[in-house]
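Please model the complete structure; the sequences and the hints are all you need to start from.
Below are the chains, spelled out letter by letter.
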Amino acid sequence: MKTYAISGVKGGVGKTTFAILLSLKLSENKKVVLCDCDVECPNDYLLLKQELKDSNPIYREVPELIKEKCKKCGICSKTCKENAIFWIPNQYPKFIHNLCIGCGACKIVCPFNAIRMKKVEIGNSFVNKIKNNLFLVTGIAKPNISETGPIVREVKKRAIELAKKIGADYVILDVAAGTHCNVIQALINTDKIYAVTEPTPLGKFDLEIMLELAKKLGIETEVVINKYGIGKEKEIEEIAKKYGSRVGIKIPYSEKIIEAYMNKELEKVVDLIKW
Amino acid sequence: MRIAVTSMGNTLDSPVDVRFGRCPYIIIVDVENGQIKSWEAIQNPSVYARGGAGIQTAQLILSKNVDVIITGNIGPNAYNVLSTTGIKIVTGVAGIPVRDAIEKYLKGEIR
Chain A
451 MKTYAISGVK GGVGKTTFAI LLSLKLSENK KVVLCDCDVE CPNDYLLLKQ
501 ELKDSNPIYR EVPELIKEKC KKCGICSKTC KENAIFWIPN QYPKFIHNLC
551 IGCGACKIVC PFNAIRMKKV EIGNSFVNKI KNNLFLVTGI AKPNISETGP
601 IVREVKKRAI ELAKKIGADY VILDVAAGTH CNVIQALINT DKIYAVTEPT
651 PLGKFDLEIM LELAKKLGIE TEVVINKYGI GKEKEIEEIA KKYGSRVGIK
701 IPYSEKIIEA YMNKELEKVV DLIKW
Chain B
1418 MRIAVTSMGN TLDSPVDVRF GRCPYIIIVD VENGQIKSWE AIQNPSVYAR
1468 GGAGIQTAQL ILSKNVDVII TGNIGPNAYN VLSTTGIKIV TGVAGIPVRD
1518 AIEKYLKGEI R
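For the record, the sequence lines run as chains A and B. 679 is the number that the working numbering gives to position 229 of the first sequence; each next residue is one higher, with no gaps. 1484 is the number that the working numbering gives to position 67 of the second sequence; each next residue is one higher, with no gaps.
In case anyone wonders, no lab produced these hints; they're calculated from the structure. Hints should not be assumed to be uniformly reliable.
Calculated lysine-lysine pairs in the PhoX-like style (CA-CA distance at most 20 Å, straight line) [unchecked claim]:
1. Lys528/A with Lys1481/B
2. Lys499/A with Lys579/A
3. Lys544/A with Lys1481/B
4. Lys1481/B with Lys522/A
Selected chain A positions facing chain B (in silico; Cβ < 10 Å) [what the hints assert, rightly or not]:
5. Ser527
6. Lys531
7. Ala534
8. Ile535
9. Phe536
10. Trp537
11. Ile538
12. Pro539
13. Gln541
14. Lys544
15. Ile546
16. Asn548
17. Asn594
18. Glu597
The beta-carbon is built from N, C-alpha and C at its ideal position, and this holds for glycine as well.
Quick look at the structure:
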């Protein structure tokens, strides 16, 4: 089983579109699990005309204060690297759960064992069967959760578990924009990253960040150029070369593709691309 | 009465910073009989905090025994913890010098 991540740092370059197109293409003769790791606003299910039902909650541990034991020393607050513990002298600390990443450092450093961890729901996952050979796993963060890395980690885990259960050949991870923890959680331990970009100055700038990150993670990359034909494709190819990557699939900028996309008919787009 | 104002610079003539957590300076003013008696400017170490800047700034201000905070806007995390401390929070102030903001507050023009 191979796990491919569809990333690219820049927003709006077509990461989700390409993730779906690749999944549709591969599922023509292989078994595929597509996982929407953009948990802050997942949209693969919308493009695949699905409804999300039968949610499966995702939990994370957060600290809880045992007041009788707390001596109001503030060590927990000083230790917290996320600034998620509010403390002023002579008062009990307050835990700000939506800033907390659940690392448990506060519990470890507390000299009075006054902190215990409790489970809170931070998101949900869903499974949709798109067709015989293609499943979609979607993760959604609860509103107000600012640290979504743990949700991505869990959704990815569930997608891989499902893939193993059904004997899938590929897991395709549709990754969010940017390079924050939620993106890195999706990228780690994948077999290849498809770095989706567009031939624009911003596309070029962000592609370089993407390839630099992939290099640090030690993961092979392949550059996908969307909207091919609108700009300086040569510069994109130079960046790819610089990082030992290569330009693979090119999605032409064409009215036909845009029209099919607008009508949510991505199967039609698959046939319009040279694979 | 002690008033803290989020500020773009380190003087009373610096403009009020609309940001709470990531303001570069906090000006703390001592007021007696409706007059500014003394003041100090504190550099805010949370300007470059990765996250939770508002929480850190709130802790810093509270350690100075302040009665009132004047700023532009406070994020939900900092607002939630500050609102339980009994401190008075004045928001929506922007674009005027710190000195004017204090005077307006003392005259009851902003609250």
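Right, here's what the structure says about each hint:
As the CA atoms of Lys528/A and Lys1481/B are separated by approximately 18 Å, the hinted pair is consistent with the 20 Å bound. Distance restraint check for Lys499/A and Lys579/A: the Cα-Cα separation of roughly 11 Å lies within the 20 Å cut-off, and the hinted pair is therefore satisfied. Simply put, Lys544/A and Lys1481/B have alpha-carbon atoms about 19 Å apart, close enough for the 20 Å limit, and the pair holds. Restraint check: the Cα-Cα separation between Lys1481/B and Lys522/A comes to about 18 Å, which is no more than 20 Å; the hinted pair holds.
The restraint placing Ser527/A at the interface with chain B holds, with a minimum CB-CB distance near 8 Å, inside the 10 Å limit. The interface hint given for Lys531/A holds, since its Cβ lies 8 Å from the closest Cβ of chain B, which is under the 10 Å cut-off. A cut of 10 Å between beta carbons decides the hint on Ala534/A: the least distance to chain B is about 6 Å, and the hint holds. A hinted interface residue such as Ile535/A counts as satisfied when its beta carbon comes closer than 10 Å to some beta carbon of chain B; here the least separation is about 8 Å, so the hint holds.
With a least beta-carbon distance of about 4 Å to chain B, the hint placing Phe536/A at the interface is held under the 10 Å criterion. Interface hint status for Trp537/A: upheld, as the beta-carbon distance to the closest one in chain B is roughly 7 Å, under 10 Å. At its closest, the beta carbon of Ile538/A sits 5 Å from a beta carbon of chain B; the interface hint therefore holds under the 10 Å criterion. Of the supplied interface hints, the one on Pro539/A holds, with its beta-carbon coming within about 7 Å of a beta-carbon of chain B, less than 10 Å.
Hint status for Gln541/A relative to chain B: holds, with the closest Cβ pair at about 9 Å, below 10 Å. At its closest, the beta carbon of Lys544/A sits 6 Å from a beta carbon of chain B; the interface hint therefore holds under the 10 Å criterion. Contact between Ile546/A and chain B, as hinted, is supported at the beta carbon level, the nearest pair being about 5 Å apart and thus within 10 Å. A distance limit of 10 Å between C-beta atoms decides the matter here; for Asn548/A the minimum to chain B is near 7 Å, and the interface restraint holds.
The beta carbon of Asn594/A comes within 8 Å of a beta carbon in chain B, closer than 10 Å, and the hint placing it at the interface holds. About 8 Å separates the beta-carbon of Glu597/A from the nearest beta-carbon of chain B, less than 10 Å, and the hint is met.
In this structure, none of the earlier numbered hints is contradicted; all agree with it.
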